[in-house]
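Protein chains: 2
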Amino acid sequence: MTTINDNYLKLKAGYLFPEIARRVKAYTDENPDAPIIKLGIGDVTEPLPAACREAMVAAVEDMGQRQTFHGYGPEQGYLWLREKIAQHDFQARGCQVSAEEIFVSDGAKCDSGNILDIFGRDNTIAVTDPVYPVYVDTNVMAGNTGAMDDGKYQGLVYLPITAENSFTAEIPEEKVDLIYLCFPNNPTGATASRAELQAWVDYARAHGSIILFDAAYEAFITDAELPHSIYELDGARNCAIEFRSFSKTAGFTGTRCAFTVVPKTLTAKAADGSDVELWKLWNRRQSTKFNGVSYIVQRAAEAVYSEAGQQQVKGLIAFYLENAKIIRQQLTAAGIQVYGGINAPYVWAQAPAGLSSWDFFDKLLYHCNVVGTPGSGFGAAGEGYFRISAFNSRENVETAMQRIAEQFKV
Amino acid sequence: MTTINDNYLKLKAGYLFPEIARRVKAYTDENPDAPIIKLGIGDVTEPLPAACREAMVAAVEDMGQRQTFHGYGPEQGYLWLREKIAQHDFQARGCQVSAEEIFVSDGAKCDSGNILDIFGRDNTIAVTDPVYPVYVDTNVMAGNTGAMDDGKYQGLVYLPITAENSFTAEIPEEKVDLIYLCFPNNPTGATASRAELQAWVDYARAHGSIILFDAAYEAFITDAELPHSIYELDGARNCAIEFRSFSKTAGFTGTRCAFTVVPKTLTAKAADGSDVELWKLWNRRQSTKFNGVSYIVQRAAEAVYSEAGQQQVKGLIAFYLENAKIIRQQLTAAGIQVYGGINAPYVWAQAPAGLSSWDFFDKLLYHCNVVGTPGSGFGAAGEGYFRISAFNSRENVETAMQRIAEQFKV
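Chains A and B, in that order, give the protein sequences. Residue 407 in UniProt numbering sits at position 407 of the first sequence, with consecutive numbering throughout. Residue 319 in UniProt numbering sits at position 319 of the second sequence, with consecutive numbering throughout.
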C-alpha cells in the first residue's frame, strides 16, 4: 500500500485564516447586510503601479512576435531583473550581494517553505512566538518537529516576542541551527535594530547556525537607522539567507514575484563533516523543482526599479503607512494599547480589559463589523494580542476605526 | 552546526541539459559563426495565442483599478479557470473530474516534484527508463533512493521502454507503490493504448499503488482511439493523480501555468493503517507552501478555452506536428530508424551505425550544427537513442533535416 507523509497529521486542523473565514461567514450568513470591513489578512488593495502595468502590456506584445517571444527562462530568473535587484536593494545600501546570488521566485511564502528541502532533518529549529505560521507548518510537514503539545510543537525552540521584552527576539541560551527571523515583523510590526541583528549574526557565526531572514516588509521602514537587509550586518554573508517579495512593496500579492538571496559564501555541513555551498544546493533545488517566473511578471518586477516605478511604489508605501498611523491614533484614543505600525503595515494591539484574542475578534466582528486577526493564531505568546492590517482603502480604515473608537470610548 | 540534506550529494553532477549547453558552448566558442539549430530542449518557439494575449492585456487593466484589482487569489486557482478546465479537458471526454479536484499551479515540473511532499518515505517507486529526469531527481532529493550504481539509483524500480518491447512500460512483477507514467511519452514520443493504461490502473488498484500520470503532451494526440486522460479508464479515480500543463498545449513555457488533478476519491495509508484523502493533504501542501498563480496568467489560461483560443491552440499543435512529420520523413529517408512523432512533439531516433547517444550528439553538432538530446541522458535504456524536438520554426526544422539527410545519405 502507498503510504502518506504522516507528519501532515500533526498539523493543527484549523489553520488561522480558514477559521477566521468560518466565523465571518457564520456571522454574515445571519447578517447578510452587515458592512464588514476586513483588516485581517495582509493583502494589498490599491492598484498595481502604472509602471508595472505598462511593462506587462509591452511584455505581452513581446510574446506575440516570434522574434521577441520568450519560452523557458532561466530557473533563477532573468539576469536583467537580478542585476537591478542586486544594485538597488543591496549594493546601493552597501551590501555585497551579486546578481548571481539572487533567485527570483513566485513568492516568499513558497521560498520560506521550500528552503527546508536543502537542510538536514537533524537541525534544531528556532522560531519566534508569535510567528508567521508558514515557518512552523512547513517544519511540521518536513518532519522537523514532534506532535503539538499545549499549543507548541515538540522539538521547536520558541522565542517569545512580547511587550515584556520590548518585542525583541532574545537570543536563546541553547544552541539552535536554523533560526527564522522576520523584521519588520509579521505579525507584531516590531523592528530589529542594527545592534540586535548584529547580535544574532554573531550568535549564528559562533554556533554555525543559519538565519532565515524574512525581509518581506523592509520597504515599510521609515527609521533611517534600521537595517533593511541582514547583509548590512558584518558576517551575515556567512550565516544568512534572506527572503524578499514584491507583494507588499509593489502590490504584487496577485501578480506573484519574490526573490531569495543565498550568498555564495554560505555553507553548511554534510554528514561527513565537509562544508557544502548552500548556493549550489538551492540552485539545484530550483533548477529541478521550479521553472522560473512568468516572463511577463518578471518585466513587471523590473519596472519597480524604474524611476517612475520607484516613485509609484513610494506612494503606495506612504499610503499604507498613513493608514497604519490612523489605526494607531484611533486605537490609542480608544484606550487600546498598540505596538508596531510605524515601520510596518501591521498594528499589534493589546486586547482591552483582559479579553482573549478570539474574544476580541468576536467583539470587533459582532459590534464593529471589523475583521482583524487574533494574535493567538500566530502562537501561544500572541494570546491577548490582535493584528490589524493597514492594507485597505483610506475610507475603510477610517470607518473601521471610527466604529472601534465609538465601541471602546472611555 | 547546521546540516544539509545529504541526499542532494547523491545527484549526478552533470544534469543532462547543462552538459548539452557546455558542449554547444565549447563548439560555438571555436566556431562562432556556426549556424546552430537547436532541436534539443522541448521549448516552444511560436507566439502565444492572440486570445491569451488579449486576455492578459485586459487582466492588466483590471489590476489598474481598485474595483477590479486582484490581490491574493485562492491557492488552488480561481474557480472560473478550474471550472473551464474540468468541463473542457475532462467532463467533455466523459471523465468525472470536478473543478474542486483541480489545483492550478505554475508548472507541471513543480507539481511532479512537489507531489512527493505528501507521500511517505517508505514507498517503492517505479519509473520508466528512459524517463523525464525530474521524476528521478526529486526522489533522490527526497531520500527515496540509495546511491547511484551503474547509471541507476538503488531502490528505484526501472521499467524499460525500448524498441524491444514496442515502447510499452511493462507492468512489473514486484509490487510498487508510486508509479510515474508519462503518455504521450517524453522522451520517446510513444503512446499508451486504452488497454495498456487500463492494465496499469487494474494493477494499481490490486496493489494499493498510486499512478502519477503526466499528460503534459495529451494535446498532441491525433489518434482518436488513444486516451487523453488517465480518468478515461475505469477505476483511475481511486489510484491516479494527473499532471497537465499549458506549456506545450498553448505555448506557455515562458508564461507558466499548469494544473494537477487529485480526485477526492483517492486515499493512501497512514502509519496507523487508516485511509487518508490525498486531496486534503495536497490542498494543505499547496495552501501552506504556494500562493496561487498570477491573476493575469490565469486569465490567459482561461482564454485557451474560448472559441478563438481553442482554434489558435489547434493551429499551434498542427504546426508542431507537421514539423514532427518532416523530421520523421527526412530521418527515415536518411536511413535512420525513428519512433514517436505522430501523437507527440518528440521523435525518438536510433543512432545509426551503432553510435552511442553522445557520439551521435557530437556528430550532429560538429557536422550538421544541429543540437538534439542524447537518449542516454534520460536513462540507461535510452543509450543508442536520440530525441529530436519538433519545437522550432518550419524553416529551421527543414534546414536541420536537410543537413542531416546530406550527412547520412545512403
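Among these hints, one or two may not hold up.
Same chains, same label: a pair holds when it works inside one copy or across any pair of copies.
Derived PhoX-like pairs (lysine-lysine); straight-line CA-CA distance at most 20 Å [unchecked claim]:
1. Lys280 x Lys269
2. Lys409 x Lys12
3. Lys175 x Lys38
4. Lys84 x Lys264
5. Lys38 x Lys363
6. Lys314 x Lys363
7. Lys325 x Lys12
8. Lys269 x Lys10
9. Lys314 x Lys409
10. Lys10 x Lys280
11. Lys280 x Lys12
12. Lys152 x Lys280
13. Lys25 x Lys264
14. Lys25 x Lys152
15. Lys84 x Lys280
16. Lys325 x Lys314
17. Lys10 x Lys175
18. Lys38 x Lys325
19. Lys314 x Lys269
Hints in this document: simulated from the structure, not taken from any laboratory.
Checked hints:
no.	hint	result
1	Lys280 x Lys269	within (13 Å within a copy, 35 Å between copies)
2	Lys409 x Lys12	neither (37 Å within a copy, 67 Å between copies)
3	Lys175 x Lys38	neither (41 Å within a copy, 52 Å between copies)
4	Lys84 x Lys264	within (19 Å within a copy, 45 Å between copies)
5	Lys38 x Lys363	within (14 Å within a copy, 65 Å between copies)
6	Lys314 x Lys363	neither (35 Å within a copy, 56 Å between copies)
7	Lys325 x Lys12	neither (34 Å within a copy, 55 Å between copies)
8	Lys269 x Lys10	between (28 Å within a copy, 15 Å between copies)
9	Lys314 x Lys409	neither (34 Å within a copy, 65 Å between copies)
10	Lys10 x Lys280	between (32 Å within a copy, 14 Å between copies)
11	Lys280 x Lys12	between (34 Å within a copy, 13 Å between copies)
12	Lys152 x Lys280	neither (33 Å within a copy, 23 Å between copies)
13	Lys25 x Lys264	neither (48 Å within a copy, 24 Å between copies)
14	Lys25 x Lys152	neither (28 Å within a copy, 53 Å between copies)
15	Lys84 x Lys280	neither (22 Å within a copy, 40 Å between copies)
16	Lys325 x Lys314	within (16 Å within a copy, 55 Å between copies)
17	Lys10 x Lys175	neither (25 Å within a copy, 29 Å between copies)
18	Lys38 x Lys325	within (17 Å within a copy, 57 Å between copies)
19	Lys314 x Lys269	neither (41 Å within a copy, 52 Å between copies)
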